[in-house]
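A.B. asks: Construct all of the structure, not just a fragment, from the sequences and the given hints.
For reference, each letter of the sequence shown is one residue, going 1 to 944 in full-length UniProt numbering.
For the record, the hints were derived by calculation from the structure and aren't laboratory data. One or more of the hints may lead you astray.
Claimed, not checked - The calculated lysine-lysine pairs, modelled on DSS-like cross-linking and capped at a C-alpha distance of 25 Å, are:
hint, residue 1, residue 2
1, K142, K778
2, K670, K638
3, K670, K625
4, K150, K607
5, K689, K670
6, K738, K778
7, K606, K638
Stated by the list, open to error - Label pairs and their computed distance ranges (CB to CB):
hint, residue 1, residue 2, range
8, D412, T692, 49 to 59 Å
9, P702, T523, 13 to 23 Å
10, S164, R878, 35 to 45 Å
11, V22, P702, 40 to 50 Å
12, N424, R696, 45 to 55 Å
13, P737, E554, 34 to 44 Å
Computed from a predicted model, the values in this text were never measured in an experiment. The C-beta atom is built at its ideal place from N, Cα and C for all residues, glycine as well.
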Amino acid sequence: MLFNMLTSRGLCSAQLTSGRVVALCDDSSVGLQCDGSDSVRLMLRWTVSLSDLPTSDLPDLHDIATFLNESRLLEGVQGILGNLRSTLTSDPKLISVAPPSFGCFHGYRLDSDGEGCIVCPAGSFFQQGACLLCPQGTYQEKEGQDTCDKCPRGSSPAGSSSASQCETDCERRGLRCSQQGDFLPAQPDFLSGRWKCFSREGAGLEWTTSDKPLTDDECSVLSRFQTVPGSDLMVRTENAEVLRTMTSDLSTCVQACAAEPSCHHVALFDRQTQCELYSTHTVNTLCNSFQQGSGFLGNQQVERFQLLNCSLSVRGGASDLLVLRKNGAELSSQQQQQKFVRMRMSKAVSGVFRTQVFSSRTTSLSDAHRFCQEGCSRDVCCDGFILNQNILDGGSLLCGWLRAPSVLMCEDQDWDVIGQGPANRICGAGLTYDKQQQSFVFDFGGEKFTISDDALPADSKNKKDYQASIISFQAIYLNTDSAAAGSESSSCGAVEFTSPLNASVQLGFESLSNDDVLVDHQTKLPVLSFWLNKNNYSSQQALLWCLTRCDEEEQCSVADLREAESDGFFSCSLYPDTRVCGAYDQPIKRPCRPLLVTLPNNTYSKKVDLSRPVQSFYERVPFQKMVSYSVRNRVTLKGTQLLSEGFMECERRCDEDSCCRGFGFVHETKSGDLLCLPLISLGVQTCSKDDTTTWRTQDCTPSEAETTPEPFGWYQKPVNQWTSSPALCPLFRLRNPKNNVSMDGWRLLSDSSLLIDSSLSTYDVIHVSRDIASDREKTRDWCLHACQEAESCVAVSLSEVESAVRCILYPDTTACGLSSAPGSLSPAASCRLVIREPALEVYLMTEQSPQATYISVPGHGMLQGVAIETAIGSNKRRVIQFLGVPYARPPIGPLRFEAAQPADWTGIWDATRPRPSCVQPGDVETATSSEDCLYLDIFTPATL
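C.D. replies: Below, the structure written as structure tokens:
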């Protein structure tokens, strides 16, 4: 109310000498604060931005206090409070008045004297009136920014001002690195001239040292093996099973073992010229465990081993024997007649009936794998096992024996595993927080463990993502024959069936046929994958389970159930909404069909619920046209609906679609239909409605989709409600310009080359939606190309608003005048480009080099002129000019007082530069005037 009263009485504005009125108040100008139990403090602040003041008025504003007219404002406020006296318990008192002071825009700080603003330099960011250094791991290339950008890879020192200062460990060490900055497998030692293989973590593998150059492919294979110390070997074992004996060098020997799934380790001897490949048979490995106990992280049923050591058998015992075995993660699990297959899933919801724990300080992953595999193969109830390496309790290895795991999930390419978006499940470590116990609970295939701070290393406690940091390796290995058939022994106990599922969930879905979908076998869609054990679920139960998971998953739109690759499982795949109905380069199709990688089999689409109230406040976009956009769906609203009802339906449809950033509520003139067009992207927006401009570059003729009067138009969802997982939405990019943009034709202007005048009326605004403007250079080029396509456009400013990159196109708005340079006594001519508002970057089209033009003059020769581009009003035209063309002989010497004589020049006359003007009576000759002045300046359009 007070704000409205201030505005109505003219206390929120001030008049300049030119007559122009500027605003002094906004929503933050009035503040009320309780000051004790019986008093209220009223705080008022008047603010004026220098950018709102036309440059022509600035010389007259010598005193800001005089301009604000402090006494007028205070008298006006006291008058308002006098009118409210009847509602106050006492007379209002003036407590204090702060003198006018200067402040700075975001990105600027006050100088030490408080009389000027200094831009926050590159390598820093603005926060609470100060410029702070970008923290380690970030950088900022531009001045005056509110944030710093995270390093695209590696890390950087504090205060970094370029992405080039971001380096990975590999780059800092000066080694061979990939384009992503990762260690390349093969590394040379420039001092010794020898080569060595490196692990992904950057550790050198000494046993791979070679005088010959190594390739990355060779080292990629070699790094999958590790040396076996002599203490872990059983030499001269006659019954060891050898797959093959061959004469080869180290690299060939290891590659042969890597290519053979049943190969477990290799032995090289005779100066590494003889090679033996050993199988995974149990006779080749002997594992011994020590100090067996029980209990781990609150679970007393766990078997705990302090030490596990597996020795490998080899037939020979030469002094130069070198034995290499596959790393634990590389082992295939073939055990005599049983074959354990590593699944693409890494997590089992249930099924672990026996857990063994080893200390990773004394046990290798390979040994734990071997021990777990041998134990499971001897147990008739064991269908497979989970192998896990983690940082818990100082570093642990877990082996979980599985029987009839009900659900397998977290495939290696699922959208939550590779970071495309979140899901309503827990992969990774499988941690949940127990509020009552104030500790984490670790779920390992149905077995529960309690994690307190003592179980975590100190360096992990500051990490935000415990799920990703706790586990370094986890894999599921199944004996697929056993899992499919189920363990038949009665001693194993009955299989635990799932609890009954609610069949009504199916009512929220509709079945999809071949005609309802588009199929592209080559596309790769985001997916969540689950395998359901047929021993636990019938086909109908599996379908209800799959639909229930889709219903619980906010991003799920399509659920697909079919036979899995393994006979013992159903495969449930959940997909996000993949519909795209049209874009700037495609007609809007009907109907819009979801995209799948295979034909539907048992496939269902989730119905859209339009019964809920509208969740978002949609703001009308102040542009008439979308020239580059992506339409999710085309919905023809019922002709019997009221406009308000149709509009609210459109709002609800956008609410229910997490990828929707806005919608079009339009009337199609050709068909007469009232349409709702939910938009994945608002793309490029042109033909601004709110900005008052007298100059346009874009085609603003009415289209078939009418967007006026209200409520018709384009509407935008609040930016803070845009999807945080754009990778789960159909891909949409800013289209490429028709022609390439060369930066040689543009010049980035400094602040000293600019003037800001908010009253400027020759400009055109284009917004590029933020979701397609992530590539700054491409966005810049798009805006520059739009200017190049407009005949009279010469400049482009780029800034950012919450929802878009804001491009403003200008004709030639250069203003010239006299200014005094520092240290100079005389004023000099100065020209600056006038723009309407501050911008991060302003580009000016560089002048094209004048092109020489010749014309023949009979009786004389060739006249050399020049073709230039010149401004005619707000447009630009190319003209040919001939300067200083003689039309008579110079009237000097004996011809001074004679009749004019015809010009007598021959050959080529240079008409590219002006000649002096005639001396006027009383003047003396100067560099710009002379008696020799009988010349013409001739101009002609270049098109003639």
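A.B. asks: Does each hint hold? Answer for all of them.
C.D. replies: We went through each hint and held it up to the structure:
Distance restraint check for K142 and K778: the Cα-Cα separation of roughly 17 Å lies within the 25 Å cut-off, and the hinted pair is therefore satisfied. At roughly 17 Å between alpha-carbon atoms, K670 and K638 fall within 25 Å of each other, so this suggested pair holds. At roughly 17 Å between alpha-carbon atoms, K670 and K625 fall within 25 Å of each other, so this suggested pair holds. The straight-line distance between the Cα atoms of K150 and K607 is roughly 39 Å, outside the 25 Å bound, and the hint therefore fails.
For a cut-off of 25 Å, the pair hint linking K689 to K670 stands: about 24 Å separates their Cα positions. Between the alpha carbons of K738 and K778 the distance comes to roughly 13 Å, so the proposed pair stays at or under 25 Å and holds. For the proposed pair K606 and K638, the alpha carbon gap of about 22 Å is at most 25 Å, so the pair holds. For the pair D412 and T692, the beta carbons lie near 56 Å from each other, so the given range of 49 to 59 Å is met.
Between P702 and T523 the CB atoms are about 37 Å apart, so this pair departs from the stated range of 13 to 23 Å. Separated by about 42 Å at the C-beta atoms, S164 and R878 satisfy the suggested range of 35 to 45 Å. Our hint of 40 to 50 Å for V22 and P702 is violated, since their Cβ atoms are close to 36 Å apart. Between N424 and R696 the Cβ separation comes to about 49 Å, which falls inside the hinted range of 45 to 55 Å.
A beta carbon spacing of about 37 Å between P737 and E554 agrees with the range 34 to 44 Å that was offered as a hint.
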